[in-house]
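This is what each chain is made of:
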Amino acid sequence: MDNLKTILIVDDASLVRLYYRSILEPAGFRIEEALNGVEALEKLQSAAVDLLIVDINMPLMDGLTMLETLRQMALPIAATPALITSTESADKDFAAARAAGANYYLVKPVDRDSLLEVAAMLCGAPQ
Amino acid sequence: MAARAAADLEGAEAALSRALRTETDLRVREAMLTGLARIGTPVAVESLLSMLRSDSAALRTGALDALQMLRSLGAVTSQLLRDADPDVRILSCELARSLPAPEASSLLCEMLAGEQSANVCASAIDVLAEVGGPEALGTLADCARRFRDTPFLLFAINAVSDRINVKSASTRG
Amino acid sequence: MAEAAPLSREEFQQLCDYLYRRTGMVFTETKRYYVERRVHDRMAATSSPTFSSYFGRLRANAQTELEHFINAFTVNETYFYREDDQLACLTKDLLVERTRAKKPGASIRIWSAPCSTGEEPYSIGMWLLENWPRVDDYDIEILGSDIDTQVLAHAQAGIFGKRALMRLSPYLVAKYFSPLQDDQWKILDELRDSVRFSSVNLVEPNDTRRHGQFDVIFCRNVLIYFDDTSRRIAAENLYENLLPGGFICLGHTESMSRISPLFEVRRFSDAIVYQRPAGGEGHG
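Chains as they are written, first to last, in the numbering used here: chain A, 1 to 127; chain B, 128 to 300; chain C, 301 to 584.
Treat the hints with care, as some may be off.
[Unchecked claim] From chain A, some residues computed to sit far from chain B (all C-beta separations above 10 Å): (1) Tyr-19; (2) Glu-25; (3) Arg-30; (4) Met-73; (5) Phe-94; (6) Tyr-104.
[What the hints assert, rightly or not] Below, a list of computed lysine to aspartate or glutamate pairs in the DMTMM-like style, where the Cα atoms sit at most 20 Å apart: (7) A:Lys-92 to B:Asp-214; (8) C:Lys-331 to A:Glu-117; (9) A:Lys-92 to B:Glu-257.
Hint data in this document are derived by calculation from the structure and do not stem from the laboratory.
These numbers come from a predicted model, not from an experiment.
The C-beta atom is built at its ideal place from N, Cα and C for all residues, glycine as well.
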């Protein structure tokens, strides 16, 4: 049985998902992907993960709505740690993310070191 | 139900867009947004465009989704890619995706050539991964020089340039 | 004509990104052979000389060409007891929840859309008779609808060939069908009469609205082929046609994440289904 930590990357930009994967996979994480909030909730119902990395602007269901919905579910997955990523950097944006249930916030474009540091902090080392 | 009926009446655009700003019920909002998309008049489009600037992520998402349902995207997209607000430019890159590849590529490159915001570039490049042709390579290379300290953009530009180069090779051979 | 060149890694990636974004279907390197073969088939069918020109065509004619492409990866044949894990989910989980608040004799309304030549709604009826102990405790209504009136006529007649029956045990065939000549079977009148058929256009609210609200809707392998606007409108219509707390089942390769944000995801042991949130107005 493997003890790999799993990260679900939720972003509608395929290159962003690819980029995060290129950083996190070599660091030992298993990666799952979703491209909007609805798909993320669907995937979480099938398998819990150790960390969510969620973009805000996505089609059909944005990241904040997704996180709010998740946090209100009466299921263990409701407590999944979540890193919000966004192009916005104003105080009100941090506040909105926190109110939605985010555990951390990174401003895009996200760099390698920050991503690894926050991933380790929110879900522990990869294995 | 009332929201869907409203879409069939004249002058509905203003009523719908006013209501949308305060409507919290997802189901009702959905109906209003598809209503505006179906009306599709310049006024309706204007309403949707103004919602792109909303503070509410949910409203921005809904407005973008609704705009993508419209047929006449070319002119709207071109205008939006020149908007002063970088957030609007970001969302507009997605609109360009619905255009024929050559048009989309051309509009995005035109914007990219002078773009100073890293996140706007990122959005444009993601769409170019799908629509970009050889004519985009020069603009992408310039962008890489301009943003040589932004690792994600270098990664993205590299990935897209590779794709375009491979496609050009197979078209020739 | 020379054999089509294999896809490069970049071309494969580009195509898979596109398919994932449009349909939610994930193709990885392990499926390369099948994807490549399909690309080559479609390149020939559309007279596209290169992958690049085919990809351009795919993007430009998204609805029709995408459907052609995806058809190779979905089971399009209709037959009895197809996707029986959803039928299992129906009796094990969905109806258990739906009947929690229903008195004996209350109605249970199930809709199969599109029903094509009838295999799906008849399968639902048969499954309930065979697998649900409480089938006689409620007034079960099954509606089968399609936009194609020809297939509806076929469904109404209730006559099927060997292929349609291939997943059924001899016991079930003997119990619910009577043999006609030429390898055809006619469905038992009692089962045939338990399904009502109607012509419905899922994108037209005036059409869908008049059928009222349902406990469970099966809407498999149709929404994903609509264009973006029609898809969303159809999803809204289906939402209206669900009782609060009612369920909708899509095809195996489909996901609401490419269709509409209105429904909640529910995962059961046999299937993932979507639910209209409970609370809010129902019409009875």
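Verification of the hints:
1. Its beta-carbon lying about 5 Å from the closest one in chain B, A:Tyr-19 breaks the requirement of being farther than 10 Å from that chain.
2. Annotated as non-interface, A:Glu-25 keeps its C-beta farther than 10 Å from every C-beta of chain B; the closest such distance is 14 Å.
3. Once the 10 Å rule is applied to beta carbons, A:Arg-30 is consistent with being away from chain B; the minimum gap is 21 Å.
4. Here A:Met-73 stays apart from chain B, with its beta-carbon at least about 16 Å from theirs, past the 10 Å limit.
5. The Cβ of A:Phe-94 lies farther than 10 Å from every Cβ of chain B, with a closest approach of about 14 Å, so its non-interface assignment holds.
6. Every C-beta of chain B lies more than 10 Å from that of A:Tyr-104, the closest at about 18 Å, which supports listing it as non-interface.
7. Of the supplied pair hints, the one linking A:Lys-92 and B:Asp-214 holds, its CA atoms being roughly 16 Å apart against a limit of 20 Å.
8. Of the pairs offered as hints, the one joining C:Lys-331 and A:Glu-117 is violated, with about 35 Å between alpha carbons and a cut-off of 20 Å exceeded.
9. A hinted pair counts as satisfied when its Cα atoms are at most 20 Å apart, and A:Lys-92 with B:Glu-257 does not qualify at roughly 34 Å.
Hint check: violations occur at hints 1, 8, 9; the rest are consistent with the structure.
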